[in-house]
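Undergrad: Taken in sequence, the protein lines are chains A and B. Using the numbering used here, read the first sequence as starting at 51 and increasing by one per residue. Using the numbering used here, read the second sequence as starting at 9 and increasing by one per residue.
One should not assume that every hint holds.
Stretches of chain A that chain B covers, calculated by requiring three or more beta carbons in the stretch to come under 8 Å of a beta carbon on chain B [unchecked claim]: (1) 89 to 99; (2) 142 to 149.
Below, a sample of chain A positions facing chain B; criterion: calculated Cβ distance under 8 Å [stated by the list, open to error]: (3) Asn78; (4) Tyr81; (5) Gly108; (6) Leu138; (7) Phe153; (8) Gln155; (9) Gly156.
No lab work stands behind these hints: they were computed from the structure. Backbone N, C-alpha and C define an ideal beta-carbon position, used for all residues, glycine too.
The chain contents come next:
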Amino acid sequence: EAQVTQNPRYLITVTGKKLTVTCSQNMNHEYMSWYRQDPGLGLRQIYYSMNVEVTDKGDVPEGYKVSRKEKRNFPLILESPSPNQTSLYFCASSLGMNTEAFFGQGTRLTVV
Amino acid sequence: AQTVTQSQPEMSVQEAETVTLSCTYDTSESDYYLFWYKQPPSRQMILVIRQEAYKQQNATENRFSVNFQKAAKSFSLKISDSQLGDAAMYFCAYRSAYSNSGYALNFGKGTSLLVTP
Numbered sequence: 051e052a053q054v055t056q057n058p059r060y061l062i063t064v065t066g067k068k069l070t071v072t073c074s075q076n077m078n079h080e081y082m083s084w085y086r087q088d089p090g091l092g093l094r095q096i097y098y099s100m101n102v103e104v105t106d107k108g109d110v111p112e113g114y115k116v117s118r119k120e121k122r123n124f125p126l127i128l129e130s131p132s133p134n135q136t137s138l139y140f141c142a143s144s145l146g147m148n149t150e151a152f153f154g155q156g157t158r159l160t161v162v
Numbered sequence: 009a010q011t012v013t014q015s016q017p018e019m020s021v022q023e024a025e026t027v028t029l030s031c032t033y034d035t036s037e038s039d040y041y042l043f044w045y046k047q048p049p050s051r052q053m054i055l056v057i058r059q060e061a062y063k064q065q066n067a068t069e070n071r072f073s074v075n076f077q078k079a080a081k082s083f084s085l086k087i088s089d090s091q092l093g094d095a096a097m098y099f100c101a102y103r104s105a106y107s108n109s110g111y112a113l114n115f116g117k118g119t120s121l122l123v124t125p
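Pulled out of the complex, with its shape left as it was, chain A reads as follows (with noise of 0.2 Å):
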């Protein structure tokens, strides 16, 4: 089944403790990205990658780090993470500009 897997769906962490959140897609698709979600807001886009090893910055990047060492994977890496990090975090793939985006489950996360 075609799909982007995101882990964990939930997380409750505290202030500066460095996390991970992972993201495959199976589909091989060259292009994926990272989106935080927040009330009254929508989506935003916070890094994307059009192939491995390019990446580069959305609207919202600040306090995020992500790589791209295989076409599967795109981790999303909070160093330090704060408060305001708190939010429901999407990671999406696609083929290309044309097609749909393909959106993983979704990661709700908590700083404390």
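We have chain A already, so just place chain B on it with the hints.
TA: Chain B in isolation, oriented as in the chain A frame:
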């Protein structure tokens, strides 16, 4: 980044009736793609319908159709014969056809649709 505006934070429709969700966008580009995504309480993002800007014909997917007005930069979603399962948050999204944007999806803030029996 292009701005996408959904002016209706909440909408309500009765079962079997028709509802239209509005979306406008701001862009100077001539080539782009528009999407409507549905997010039910499960939080999963589900593609409802897609429209290419170069196509004049409005896209249709079963009970879902769009009214795409390129000159007016408007992209509304019409849901016919509404069903209880249509209750969800609906997001309008814009994607540039140019790679310098990273092919990002620019989302509106969403419209929460309530379907009443």
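Undergrad: Decide, hint by hint, whether the structure agrees.
TA: Comparing the hints with the structure gives:
no. : hint       : in the structure
1   : 89 to 99   : holds (count 7)
2   : 142 to 149 : holds (count 5)
3   : Asn78      : 17 Å, violated
4   : Tyr81      : 6 Å, holds
5   : Gly108     : 6 Å, holds
6   : Leu138     : 7 Å, holds
7   : Phe153     : 4 Å, holds
8   : Gln155     : 6 Å, holds
9   : Gly156     : 5 Å, holds
In summary, the one numbered hint that this structure violates is 3.
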